[in-house]
Every structure is written in structure tokens, then in C-alpha cells.
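Protein sequences, first through last, are from chains A and B. The first sequence begins at 267 in the numbering used here and counts up by one. The second sequence begins at 32 in the numbering used here and counts up by one.
Misleading hints may appear alongside valid ones.
As the list claims (entries may be wrong) - Here are the simulated DSBU-like pairs of lysine-lysine, each with C-alpha atoms no more than 30 Å apart in a straight line:
#1 A:310 to B:232
#2 A:400 to B:194
#3 A:416 to A:426
#4 B:179 to A:385
#5 B:239 to A:385
#6 B:105 to B:149
#7 B:179 to B:92
#8 B:179 to A:291
#9 B:149 to A:310
#10 A:317 to B:179
#11 B:150 to A:385
#12 B:194 to A:474
#13 B:220 to A:362
#14 A:362 to A:338
#15 B:150 to A:338
#16 B:220 to A:431
Claimed, not checked - Derived contacts from chain B toward chain A, CB cut-off under 7 Å, selection only:
#17 69
#18 71
#19 76
#20 103
#21 133
#22 198
#23 208
#24 220
#25 226
#26 277
#27 293
#28 297
Unchecked claim - Using C-beta positions, here's what the derived DEER-type ranges look like:
#29 B:103 to A:400: 35 to 43 Å
#30 A:399 to B:79: 27 to 35 Å
#31 A:383 to B:122: 38 to 46 Å
What the hints contain is simulated information worked out from the structure, not anything from laboratory work. Every residue, glycine too, gets a C-beta built ideally from N, C-alpha and C.
Below, each chain spelled out in residue letters.
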Amino acid sequence: MKKTLLASVALTVLAGVAWAADDEKAIQALVDQYISTGYQQGEKQHLERLKQDETLITCSETRNIPSPEQAKAIIEREKATIKYPEGNKMLGNWEKGKEVFNTGFAMRVGVISPDKADKPRGGNCYACHAADPKEVAAGNIGNSLTGYGKMRGNSEETVKYTYDKIFNSQSMMACSNMPRFGHNGVLSPEQIADLVAFLVDPASPVNK
Amino acid sequence: MKNVLLPGLLISSLALTAVYAAEEPNADAYREMTYGDRDANPALLVVDRGEELFKEKRGPKAVSMEECDFGLGKGVVKGVYAELPRYFQDTDRVQDLESRMITCMTTVQGFDEAELKKKTYANEKANEDNTDLEAIAVYIASQSDGMKINPPTAHPKEQEMIKVGEALFYHRTGPLDFSCASCHGADQKRIRLQNLGNFSKAGKDAQKAIGGWPTYRVSHAAVRTMQHRIWDCEGQMRLPDTEYGAPLSVALIAYLTAQAKDGTYVLPGMSR
């Protein structure tokens, strides 16, 4: 009697797990279907932007909390994507970097309110980070970068860390909330080198 | 009377904007302040226009939208928005207010769907007046002013829609790797100086946001609906234009509205 009961409990639990997994699959299938019908169609819409890479699939499925194994796989994969400027010059011009830090992303697509294709692209870093203490309109999704170079110096190590972080934020932190600016082609390696200078150069307002 | 009121209001809202630009330019403070004088909300003019459009016999079939069912029976407007999105048997779909309006205007009034969707939102950069769709939506929604946010969740398709919306909320894509959760996934976050509600949990933030839409957006000088807000945020994510009333947007709205349950609608809203 007890045995039968136990067995049937086990069966129900198993069925429950199987059902939950099926349920998740069904939801995911609807997610994919709704994405494919959820946007206006046509060349101007750049529907290729809706395609996720493996990293974003993991981050979405785990709601940005990947398992240690998944995190390791992401970091390895993303590290391998980093490209450096001509002559490995990772430290650019801070005044140019100041501009890039402040300028919006551009890159809007669609027909209702698109950006011109040649609109200068920026990192819109103030959306998420404080930096120059004179800029009060700074967001707080990322940590404050005020005094960045004062605290970390401008050694080769710091320069490379900062360059890599901006080129591909997920090469250090899997599922980081920060865009992979270089990897996604939003910013060029030269623009990223200028941003590094803005953060670490002792003459930059960030470090005044 | 209302026309006399408007210039005065515009001046005072300009003054408000100036004060906030100098001190604390965030939408919350602005909202608290403007809610104090709701009779002065320019959206009320758009609500009146929406009411006329709603009641007028329109479309190839020359019938009024009073012939439509928004969930509480044919002709009922009061309280319908408070119980949307919901499952509709006739379309076998979960629909939000705006997708349901399209159903009504095509099946009952005989309008062409593609034609209706050609111009969904007023272009604020060209100083356009609100579109008919925006006016009708804010009229219907405003008939739930003061009511509890109470979307039904008994039907399996309603439960499913909320779950799909939740998954979409965390779905990262586009050149900036964003999902809704990138900006609306934690407490007390800001993009520049704009406060971002945390909609990853049920309660206060979602209630305040959902409870105040449709809203008169001062920076657009126009009424905006939830479909527009979703389109706007998808644009911030650098994704394509969302399709008006498609299941993608409805699922996100169903999720947000479920997170906002038991809040109160204060409509029409007014915001930055």
C-alpha cells in the first residue's frame, strides 16, 4: 500500500516536472512567434536586430543570473571577440573621449522616428554612469566613474582592463547590463581608446 | 471655456518645467504636482474629441463604437479599461484596449485594418494633433478613472499571456543588448535624470506607471497611450517599430498590468 502510494507520488512529481518543462517550452515558442509578428516589416526596420546570439539567449533564459558554468562559457566566448586599434594603441585622446561619452547612441531604425544613417554615434555613457562631476544629469544604472583614473592610475594594466570592459562588458562579467559597445559595432576601437583616455588621463575632468 | 483655460495652463506648465529643470527635473515630482489640478489637464480636450468619435456613426458600415463589446458587454464603456487586457471569445485572443479598438473598428464599423494603422500616433516634432486612435483610447480609458486596476486572470490564455509578457520583459536583443529589465529591473534607477520604475516586481512602481496611462505628455504636447509607450521604449532599445496592437505589445502590457494589480487608475494622466 505504502509502496504504491509512494510510487504514484513519485509519478505525479515527475509528471509535474515534465509539465513545467513543456510549459516553459510552450511559452518560449510563443515568445518567438510574437517577436516574429510584433514589429513592422520592411528593409528600413532592420529586423536582423531581433536575432539573439548565444550569450543573449543564456542571459534571457536565466534572467541575467547564469550558472557558474554558463558564466564561464560566456566570459571565454566574449573575451575572444575583442579587437584592438592600429598598433594596439588603447589610450587615445581624452577630449575626443569626452565627446563620445556624452553623445547619444544614434542608430534608431524604423519609419516613425529613425536617425539619419550618418548621425555620429556615441556611447551615451551618462545615461548610466556619473563621470565628470560637473555633469549633473547622470544616470545610476552603472557605478560612478568619477575619479576613475585618480583611483586606478593609468598603468598599462588599467588601460587594457578599461578598453576590454568598454569593448565587451561581458568579457569580464557575464550578462552585464552594459552594452557590448565594440563587439556590437556601436563604437569603433578608436572611439573606445578615446573613452579610455577620458577615464584615466590625469588631465581629464573625470580626475580633477 | 476650455479654450480660454488652455493658454493659461500652457503658461503655467511651462513655468513648472522651468522650475523643475532648475531643481529636480524628474517625472515623479512633476506628476505629483500636476495631479493636484487635474481639471487643468489638456488631455481633457482630447477625451471630449474621443467621446464624439466614439459615439459618431462612422466607417463604411456607418455605426457607432457603442455597438462594440470591450469586455463588459455591448455599449459598456464605464470600467472596461480597468479590466483589460482580457480574453475575448470572438477573436480567441487576449487583447488590450487598443488592439480591441482595431477589432471593433474593422469588424463592426468596417474600416480597413491597414488603413487604420497607417497613422497611429501624432508626430510631436510636427506639432500634430492627436490621432483619432489616440483620442478614442484616452476617452475609453478615462471612463475607468478612480477604479482599481483589475485585469482578469482566470482564463488560461490570460495566464499564458502574462507569462509570455514576463519572458519578453527579460528578452535581450538589439545592438545595445537591452531588455526591458535593463532599465526597469531594479529599484531607484535613473537614465540620466529620468526615474525608471522597477516593473520586475509587483506593486508600487508598476501601479503608479500603469495607473497613469494614457497620459498627457507635456514634452510631446499630446496624449500618449500604452501602445505608444511600448513603441517608444522599444525605440530606446534600438529595435524596429512595434506593430500596433500585435500580441508582442499586448503580452508586455498584460504583464505590466498584472504587476500593477490593485493600484488605482488616475486618468487621464499627466507626465513629463
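Agreement of hint residue 71 (chain B) with chain A interface, Cβ distance less than 7 Å | violated, 28 Å
Evaluation of the interface hint that places residue 208 (chain B) against chain A, nearest CB under 7 Å | holds, 5 Å
Restraint satisfaction for residue 133 (chain B) [CB to CB of chain A, less than 7 Å] = Check failed: Cβ of residue 133 (chain B) comes no nearer than 14 Å to chain A, outside 7 Å.
Residue 150 (chain B) and residue 338 (chain A): Cα distance at most 30 Å?
-> violated, 47 Å
Pairwise hint evaluation, residue 385 (chain A) against residue 239 (chain B), where the allowed Cα distance is 30 Å at most | violated, 36 Å
Holds or violated: residue 220 (chain B) with residue 431 (chain A), Cα cutoff 30 Å?
-> The given pair, whose Cα atoms are some 22 Å apart, holds under the 30 Å limit.
Consistency of beta-carbon spacing, residue 400 (chain A) to residue 103 (chain B), with hint 35 to 43 Å = violated, 55 Å
Proposed proximity, residue 232 (chain B) with residue 310 (chain A) (alpha carbon, max 30 Å) | violated, 35 Å
Can we keep the residue 198 (chain B) interface hint, with Cβ of chain A closer than 7 Å?
-> At about 5 Å, which falls below the 7 Å cut-off, the nearest Cβ of chain A leaves the hint on residue 198 (chain B) intact, so it holds.
May I ask you to test the interface hint for residue 103 (chain B) with respect to chain A, counting a Cβ-Cβ separation under 7 Å as satisfied?
-> violated, 26 Å
CA of residue 194 (chain B) to CA of residue 474 (chain A), is that 30 Å or under?
-> violated, 49 Å
Compare the distance between the alpha carbons of residue 400 (chain A) and residue 194 (chain B) with 30 Å, and conclude whether the hinted pair is satisfied.
-> violated, 44 Å
Checked against the numbered hints given earlier, the structure breaks hints 1, 2, 4, 5, 7, 8, 10, 12, 14, 15, 17, 18, 19, 20, 21, 25, 27, 28, 29, 30 and satisfies all the rest.
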